[in-house]
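What follows is each chain in one-letter form.
Protein chains: 2
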Amino acid sequence: MNRICKLLNIQYPIIQGGMIWCSGWKLASAVSNAGGLGVIGAGSMYPDVLREHIRKTKQATEKPFGVNVPLLYPQTEEIMQIIIDEGVKIVITSAGNPKIWTKQLQEKGIKVIHVISNSKFAVKADEAGADAIVAEGFEAGGHNGREETTSLVLTPLVRSLTSKPVIVAGGIGTGRGILAAMVLGADAVQIGSRFVASEEASAHINFKNEIIKAEEGSTKLALKKLVPVRLLKNSFYSEVEKIENIGATREELAELLGKGRAKKGMFEGDIENGELEIGQVSALINEIKPVKSIIEDLILEYRTAKQQINHIRYDF
Amino acid sequence: MNRICKLLNIQYPIIQGGMIWCSGWKLASAVSNAGGLGVIGAGSMYPDVLREHIRKTKQATEKPFGVNVPLLYPQTEEIMQIIIDEGVKIVITSAGNPKIWTKQLQEKGIKVIHVISNSKFAVKADEAGADAIVAEGFEAGGHNGREETTSLVLTPLVRSLTSKPVIVAGGIGTGRGILAAMVLGADAVQIGSRFVASEEASAHINFKNEIIKAEEGSTKLALKKLVPVRLLKNSFYSEVEKIENIGATREELAELLGKGRAKKGMFEGDIENGELEIGQVSALINEIKPVKSIIEDLILEYRTAKQQINHIRYDF
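Just so you know, the protein sequences line up as chains A and B, in that order.
Just so we're aligned, residue 38 is where the first sequence starts under my numbering, counting upward by one.
Just so we're aligned, residue 38 is where the second sequence starts under my numbering, counting upward by one.
Please note that a few of the clues may not be correct.
One copy or two, either will do: identical chains are not told apart, so a pair holds if it fits within one copy or between any two.
To be verified - Calculated pairs, DSSO-like style, for lysine-lysine (alpha carbon to alpha carbon, straight line, at most 30 Å): (1) K157 / K257; (2) K262 / K93; (3) K100 / K43; (4) K250 / K157.
Simulated from the structure, these hints should not be mistaken for lab results.
Model the full assembly from the supplied sequences, consistent with the hints where possible.
Encoded structure:
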C-alpha cells in the first residue's frame with residue numbers, strides 16, 4: 038500500500054492544500070469524502086471560526102481530514118489546543134520551526150506533516166520527527182521559498198535527503214502531474230490551485246473565474262523582500278511590480294500591502310485591488326467543477342498515463 | 038519508434054544543449070557517439086571557429102549532430118551559410134523569430150528545431166514550420182523566459198498547443214527526470230548542465246568544479262531587466278543582486294555586465310568575477326564524468342524508473 042495512504046488512512050495520495058480564505062469545511066469534507074485528504078486552512082481563521090469549521094467537517098465526513106497551521110501567527114497556542122480538544126488526527130504545519138510542535142502533537146496521537154521549500158528545512162523537518170514532509174516548489178501559489186527551487190529539482194533532492202514519505206506541492210493539477218511527481222520520488226502530492234477552482238472552495242466566485250481565465254505568465258512571484266508570494270497579476274500586482282522595479286524597501290512593500298489584502302481579493306472578490314494567491318498551474322485549469330469530479334479526473338488521467346508508459350514514445 | 042529518435046536518426050531522445058563556451062566539437066561528438074544528439078554551441082564562436090568545430094565534429098563522429106544558433110547575433114547570415122556549406126543536417130535556433138530561417142534551412146534538407154520559453158512562442162514556432170520545439174523551463178541555466186514558467190507547467194501547456202514533437206529543457210539531469218518529462222508529454226529532453234560537468238565539455242575545470250559543488254539555492258535568475266539569465270552565485274552575482282535590490286536600470290546592469298563576462302567565467306575559469314551560467318539541476322550533479330558514462334547512467338536510471346512504475350507506491 039502507498040505509504041501516505043497508509044499513514045493517513047486515505048484512498049488516494051492526494052492532499053488538498055490548506056489555503057487561506059479558500060479551504061473551509063465544505064472543501065475539506067468534499068475532498069475527504071472523495072478519497073483524498075481534505076485540509077482546513079487555519080491561516081485565515083480566528084480560533085472560534087476554526088473550531089466551527091472543524092465541527093462542521095466532522096459532521097460532513099467520517100473520513101480523515103487535517104488542519105493546516107502556519108506557525109508564524111500569534112494565536113498558534115490557542116489554535117493547537119482547539120485541534121487537540123476537537124480530536125483532529127492530522128496537522129500540517131508550515132512557515133516556522135518544525136521542532137516546536139511536532140512532538141507535542143504526536144504525543145496526543147496526531148500525525149504531523151511539515152511543509153518546506155528547500156532541502157535544508159527538509160532535513161530539519163525530518164530531524165524534528167515529522168511523519169511526512171511536503172516539498173513545495175517555486176511554481177506553487179501563495180507563500181514561497183527564497184531559493185526558488187522548482188518541484189522538478191526539489192523533489193529528487195528532498196527524496197535523497199530523507200527516508201520519510203515526501204509529498205510534492207507546486208505545479209500539480211493533473212493526473213500526469215501526479216505521475217511525474219511519483220516518478221521523481223514522491224509518495225503523494227499536495228494540490229492547491231485546482232481545488233480553489235472547485236464548487237466547494239470558499240473562494241469568491243470572481244476569484245475562481247480569474248483562475249479559469251489565467252494563462253501561462255498570468256502569475257508572478259512578488260514581494261520578495263517581504264515574504265515571497267506567487268500572485269495572479271492584477272492592479273495590485275502592477276503597483277507592487279512598479280515599486281519593486283525602482284528598489285522599494287521591505288517597509289515600503291509592507292505599507293503598500295497593508296492589512297486584509299488577501300481577504301479582499303480571494304474572499305470578498307475584489308479582483309483588481311485584492312491579493313490573489315494562486316499557482317502557475319492555473320494556466321492548465323479551465324473549469325470550475327465539483328471536488329468529486331476533479332478527483333475522478335485526476336485519478337483517471339493518472340491511470341491512463343501509467344498505462345501509456347508502455348507506449349512506443351517511452352521505448353528506447 | 039520514438040518520434041525524435043526517428044526525426045533526428047539517433048538512438049536515445051537526449052539532445053545536448055548547445056551552450057556558449059562549453060559545447061565545442063569534443064562534447065558534441067562525444068554525445069553523438071554515445072547515442073544522443075551532440076550540438077555545437079555557435080553562440081560563442083566567430084564564423085571561422087564554428088567552421089573548424091563543425092569539421093572536427095565530422096571527423097570525430099559518423100553520427101548526426103547539430104548546431105545551436107542564437108538568432109540575436111549580427112553574424113547569423115554568415116553562420117547559416119557555413120552550416121549549409123558544411124552539410125550540417127540539424128539546426129537548433131533560439132532567441133529570435135523562428136520565421137526568418139526555418140524555411141530557408143529546410144529547403145537545404147536541414148531539420149530545424151526552435152527553442153521557446155513560453156506557450157505563445159511555441160505556437161509561433163509551430164506556425165513557422167519548425168520540425169520540433171524545445172520548451173525551456175525556468176530552472177534552466179543561461180538565458181531564460183520572462184514568464185518564469187517551470188518545466189512541470191510549461192511541458193503540458195506546450196504539449197496541448199502543438200502536435201509537433203516537444204523536447205523539454207530545464208531541470209533535467211537524471212533518468213528519473215527524463216521519465217517525468219515524458220510523462221508530462223515530452224517526446225525527448227534537452228540536457229545542458231549535466232553535460233557541462235563532463236570531461237569533454239570545453240568549460241574551464243574551475244567552472245566544472247563549481248558545478249559539482251553547487252547545492253540547492255546556488256543558482257538564481259538575475260539581470261531580469263536586461264536579459265533574464267540563471268547564474269551560479271559568486272562575487273559577480275552578488276554585485277548584480279546588490280544593484281538590482283536598489284532598482285538598477287537596464288543601462289546600469291549592462292554597464293556592470295560589460296563585455297566578455299561569460300567567457301571570463303566559463304572558459305577562462307575566473308569563478309568569482311566571471312558570469313557562470315548553469316541550471317538549478319546542478320544541485321543534483323556531483324561528479325565530472327565522461328559523456329559515455331553520463332548517458333549510460335541516464336538510460337539505466339530511466340529504464341529502472343520505468344520498471345518501478347509497477348511498484349506498490351504507484352498503486353492506487
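Going through the hints against the structure:
1. In the homo-oligomer, the alpha carbons of K157 and K257 lie at most 30 Å apart both inside one protomer (24 Å) and across protomers (17 Å), since each shortest distance falls under that limit.
2. Neither within a single protomer nor between protomers do K262 and K93 lie at most 30 Å apart by alpha-carbon distance, with minima of 38 Å and 50 Å respectively.
3. With identical chains, the CA atoms of K100 and K43 are at most 30 Å apart within one copy only, with a shortest distance of 13 Å there and 50 Å across copies.
4. In this assembly of identical chains, the alpha carbons of K250 and K157 lie at most 30 Å apart only when taken from different copies (16 Å versus 36 Å within one copy).
Of the numbered hints listed earlier, the single one contradicted by the structure is hint 2.
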